[in-house]
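Using the sequences and the hints, build the whole thing.
Chains as they are written, first to last, in the numbering used here: chain A, 149 to 420; chain B, 26 to 291; chain C, -15 to 315.
Note that these hints are calculated values from the structure, not bench results.
Check the hints yourself; a few may be wrong.
Said to hold, decoys possible - Below 25 Å or equal to it, Euclidean Cα-Cα: the simulated PhoX-like pairs (lysine-lysine) are:
| id | chain 1 | residue 1 | chain 2 | residue 2 |
| --- | --- | --- | --- | --- |
| 1 | A | 208 | B | 75 |
| 2 | C | 313 | C | 233 |
| 3 | A | 208 | B | 211 |
| 4 | A | 335 | A | 243 |
| 5 | C | -3 | C | 233 |
| 6 | A | 335 | B | 211 |
What the hints assert, rightly or not - Quick list of simulated restraints, FRET-style, between CB atoms:
| id | chain 1 | residue 1 | chain 2 | residue 2 | range |
| --- | --- | --- | --- | --- | --- |
| 7 | C | 133 | B | 276 | 38 to 46 Å |
| 8 | C | 258 | B | 286 | 25 to 33 Å |
| 9 | B | 119 | C | 104 | 33 to 41 Å |
Just so we're clear, the structure is a prediction, and the values are computed from it rather than from any experiment.
Just so you know, even glycine gets a beta-carbon here, dropped at the ideal spot from N, CA and C.
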Amino acid sequence: MANLSLTHRPRFPTLAFLRALIRTNLRAAFALRAAFWLQVVLMALNNWVFFSFWWLLFRKVPTLGGWQLGDVAVLFGVSACGFGLGVFFAGGVRKLGRSIESGELDALLTQPKPTLLYTLGSHSIVPGLGDIASGLILIVLSGKASLSSVPFIALAIVSSALVYIASGTLFFSAQFWFRQTDTVATKMWEALITFSLYPEPLFGGGLRLLLFTLIPAGFVSYIPAALVREPSATALLSVAVGPLLYWSLAAYVFRRGLMRYSSGNRFGSFGS
Amino acid sequence: MITRFFPRSAKYAAWSWLSLRELRAAPAELYGTALFFATILLVFSSLWRKAAEVGLPLGLGSAELVWYLAATEWLLMSTPNVHLDMAEEIRRGDVAYALLRPVSYLSAHCARAVGQLVLRLTLLAPVAFGLAALFAQALPARPAALLQLAGYGLGACCMATLFRVALGLTAFWLHDISPLHWIWQKLSFVLGGLMLPLPFLPEALQRFAAFTPFPNMLYVPASVLTGAAPSVTRVLAQQLLWSGVALVTSVWLFSRARRAMELNGG
Amino acid sequence: MSSAAAILVDQLKKSFRVRTSPARGVRSRLRNLFSPAFHTQQAVNGISFSIQPGERVAFIGPNGAGKSTTLKMLTGILRPDSGRAEVCGLSPWAQRERLAYRMGAVFGQRSQLWYHLPTQDSFDLLSHVYELPRALYQQRLQALSNSFELEELRRKPVRSLSLGERMRCEIAASLLHAPEILFLDEPSIGLDASAKHTIRQLLRDRSSNDGATLLLTSHDTADIESVCDRVIVIHHGSVLLDEPVRSLKQRLNTKRLTLHGDLNDLSVALPGVSVIERAPLQLTLEIATQVTPVARVVEHVLSRANIEDLSVEDPPLEAVVRALYEQEKAS
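In structure tokens form, the structure reads like this:
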């Protein structure tokens, strides 16, 4: 029997696939209902505990480098929302190193869809919803956003999420070349999150360079937060730079990584 | 249980030694911790320096606060996650096997945890304090305070470890102790003064914290670096008191668990 | 597909650079840290074969023989060092995505199904992966569901399925898009006897129905016997043997004679005859037919005991393969 007719294929098949992938991913996330809401709530609480540091500090110190509590709240909120959005829909990024090491990519490689998107969308980190919720509340309570900010908030969060996931892809793709880089990659990932939660004026020249290149906290929180606090054309453009830059890089690195993967010199995981 | 400890001290010493071997096998974790220290001390040294420009409260200097943070993080990160290990053991059902061994389950875990603790304190000290000196660009006003910190810190961490053992025992009843672990951890961050010395907290919260063991875990030992001078007797008394509470709780929980296992056959 | 080969493999070679473990001792360990030593492991050393559409071929060999590596090259996961391969006329590593639409793969130790979801959800996702038109997908799903008996299993989460049930679902999932070729890597590993039996039957029926070509690797020679018509034996990265299953079994020039009855401690002292299994009412003998013809043994036995039933069979493939490895080792 010949293969199924390849006519009558759905239009925009990749889009249909992505929609189906997201749907399946979300279903899997909701499937573990018992732990679901608990994780979400705890993550939100967790973020507020960390934010309480700023609340306590600003009670004693009026401003910090020109920043007030509301400014930090927006920064924190945008970073948390972006992070949550990213890992909720593309939680596979966190497992990328392990997937590469264990050969889990094989099953995806034998299927006719882009491997990177497939593996990113194959897992969802449920507490991400807690990050999104706590982030939104912080932005609302910051006093720096109004109803008219809503579209900017949305853009800022999406931009942040895209850079988070692209950066994660870059960090964890190191596994293609070096074994056991999971710890280092994880530390870089955590450093990214940490740096993104502290106001830009804190950091001196050298460090600031780092935060707009190797560990792009700048693109993950500062620039998107600036868009929310003071929307402008420049801010809009800047918010697009990060995702474009880092996604191009991530796609390139992953493709090269796959080529290396297919050379098989990660031998030792499964017998021949 | 305590009376059994001394004759069997050789056995328990072996458990402590085991932790050295374990640690040798996990250098990556140590490097990771060092990186973590570097990151946060970097961030906070910038933060405190900027804050000092507008005037820090409580007459503190930025360098002092950096050292303070290094100290609290040093203590926090050195305390082993014995509760998570125990919970994993219990979840896997390895406990039944462990209970068969002629070594008291609790004593073994305590001994092992203390061994790990001492090792981590020793290994992380140069990391934490070296980086603190680097980023604060100053040494503590009273270098002797570091010795005080070490002394109080050791006691504080032992106390914290005992609490974690008690926490780990709840795994006999709770399917997943991570929510409890989280709550405990966050309480110790806030009420223990991880990032900010306790006087930064609102009055009411400070008063409330005084009734919990948390201030003794991090704030009290680290506060010697910010000019506080708590009396030795007070510190030791508090640590002993709370350690006693933790110990009694652990023993009670353990006996309940034993009974439950015997009844249900594990 | 026309008369062109479904799979064509020509002198495939693949080696791996493997890090040499350092010797004991601090100095060699340190040296290894800064300048690691590598040695080359030749996994596949010039394999060639061709498989016609609709054939069912087994790929067997001991661990480390190169089976999985070859399979990975044919599915496009690995690139060879040299040599050529064509699957459905396409180069697996160069045209991986195009080929993926026309082939299916089942890895015994890895799952394509989403662990916490009902298998139905995984099937639905796959229908989008392979861009199956809705109506066609439903039709295909129903047909597979019937032959694999998945009606009940479909709604259960994968984590609650037994290994055998999961394997059935995996194979069904890989057939959703009616691939021309199905690759299976250790499909029956870890399964109990009845599950293995079910899987083998399903594979056989399905490939007859759809005309799909099967290439499977396995440690279990019984898999080969029930599912495949042809076997390729791999050893040390090269093809040791490539022939129909039937002729492989005849290679050893032995037959097995199983006797049932009141055997009275019967002993058969004939040359070339050895006892395989002995039980109170059953005796299995292996006869080297070049030395003593079967008829002679039967004659001998009938006159010395009350035989109620007897059967003469080819030896199991396992014995044949084992003998082959031994021959190879000896040579």
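Comparing the hints with the structure gives:
1. 208(A) <-> 75(B): Holds: residue 208(A) and residue 75(B) sit about 14 Å apart, inside 25 Å.
2. 313(C) <-> 233(C): 19 Å, holds
3. 208(A) <-> 211(B): 22 Å, holds
4. 335(A) <-> 243(A): 14 Å, holds
5. -3(C) <-> 233(C): 29 Å, violated
6. 335(A) <-> 211(B): 21 Å, holds
7. 133(C) <-> 276(B): 38 to 46 Å: For residue 133(C) and residue 276(B) the Cβ distance comes to about 56 Å; the hint is violated.
8. 258(C) <-> 286(B): 25 to 33 Å: 55 Å, violated
9. 119(B) <-> 104(C): 33 to 41 Å: 37 Å, holds
Hint compliance for this structure: hints 5, 7, 8 are broken, all remaining hints hold.
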